[in-house]
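Student: Sequence:
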Amino acid sequence: MNSRPIVEMKDPLDGVTGTVIMCTLREGLLFKYADISMSDAPDNVQGLFQPGIRLIITLQGKTQLQFGKQKFVFSADKQPVAVFFPISKDIQGAKYFEANATQKELVIFIEPEWLKMSNFTQTLDYYYVEQLEKAHLQPHILHINKKILTLVNEIIEQASSSQVCQFLYKESCCLNLLFELLSQLPQFNQGQNTSLKDKRIKQLTELLLTGKADDWNLTQMAAFLHTNVTTMQRDFKQIHGISIMAYLRQLKLERSYRAILNGTSIIEAATIAGYSNPDNFTTAFRKYFNMVPSQVRKKHLACLIR
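Residue numbers (UniProt numbering): 1 to 306.
Quick caveat, the hints were computed from the structure, so don't treat them as lab data.
Cβ atoms here follow ideal geometry from the backbone N, Cα and C, with glycine treated the same way.
Check before you lean on any hint, since a few could be wrong.
[To be verified] As a list, the in silico BS3-like pairs of lysine-lysine whose alpha-carbon atoms are at most 25 Å apart: (1) Lys202 with Lys147; (2) Lys116 with Lys69; (3) Lys237 with Lys212.
[As the list claims (entries may be wrong)] Just the calculated beta-carbon pair ranges, DEER-fashion: (4) Asn176 with Ser75: 24 to 30 Å; (5) Arg258 with Asn176: 38 to 44 Å; (6) Val229 with Ser161: 53 to 59 Å; (7) Asp14 with Leu48: 17 to 23 Å.
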């Protein structure tokens, strides 16, 4: 992540005039606004696309992406277009531009770090976010209404501002925009019909989140849901993408992370995560968070003396 919260680039490529602004709102949540014109067809921009959910809003022209033989074109010829575009793993790709064309786009990057550290990971319907996150290269087309367009314009107007209040306002607009567009997806519609399978897995997820089933085995969980272990494990993995026990281990690691932030010792955090051996805890912690527990502790201590 760039150390500067706002990076503004003028005429970013040969044959391309205009401005590109990158704004980091917090770790794992940032946006890019581009307002550029192409006199000639510039070379395509190739590079490594990292995991995360991109909210791409093309306001004018086309957004053109290619990954291997898969090409995606989001055109605003008739009206602005918005899509959630998930990338679940590192992948080489390219972005294309057309000669004698103008492109205006806003892209909000929702990275795994931000999702993982957000408190809504504890909500019952968070597995729908996980499903969206894992829908690799599967765009979800969205509808842009007047309210959404107003939010987009508010973000653009404040894009380069580095004042505190404007920074907070940009973040609030981005979050409001995410709310409005996520609400369009059927799985986040409160009025949707819920299958028995979904109800059971939602019930099990709620149980796991409370911590009441931390010491339960799979047979006890299945009995609680009035189903059998095989069906329960299959349905859970279809929704969450991982096994029940792997999910429970992740929950315990997330609890240990929050405990460390609140000043808990590493040994106590290991116990919270279900590890009697601190070395094994550190290995699992590093694998999941890409940092060791002591790094979280140092950040916490630094905050205390500021």
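Student: Each hint needs a verdict: does it hold in this structure or not?
Tutor: Hints versus structure:
A hinted pair counts as satisfied when its Cα atoms are at most 25 Å apart, and Lys202 with Lys147 does not qualify at roughly 31 Å. Between Lys116 and Lys69, the direct Cα distance comes to roughly 31 Å. Violation of the 25 Å bound is thereby established for this hinted pair. Proximity of Lys237 to Lys212 is assessed by CA-CA distance (about 20 Å); at most 25 Å being required, the pair is judged to hold. Distance hint check: the CB atoms of Asn176 and Ser75 are about 26 Å apart, consistent with the given range 24 to 30 Å.
Arg258 and Asn176 have their C-beta atoms about 26 Å apart, which leaves the hinted 38 to 44 Å range violated. At roughly 55 Å, the beta carbons of Val229 and Ser161 sit within the given window of 53 to 59 Å. In this structure the supplied range 17 to 23 Å holds for Asp14 paired with Leu48, their Cβ-Cβ distance being about 22 Å.
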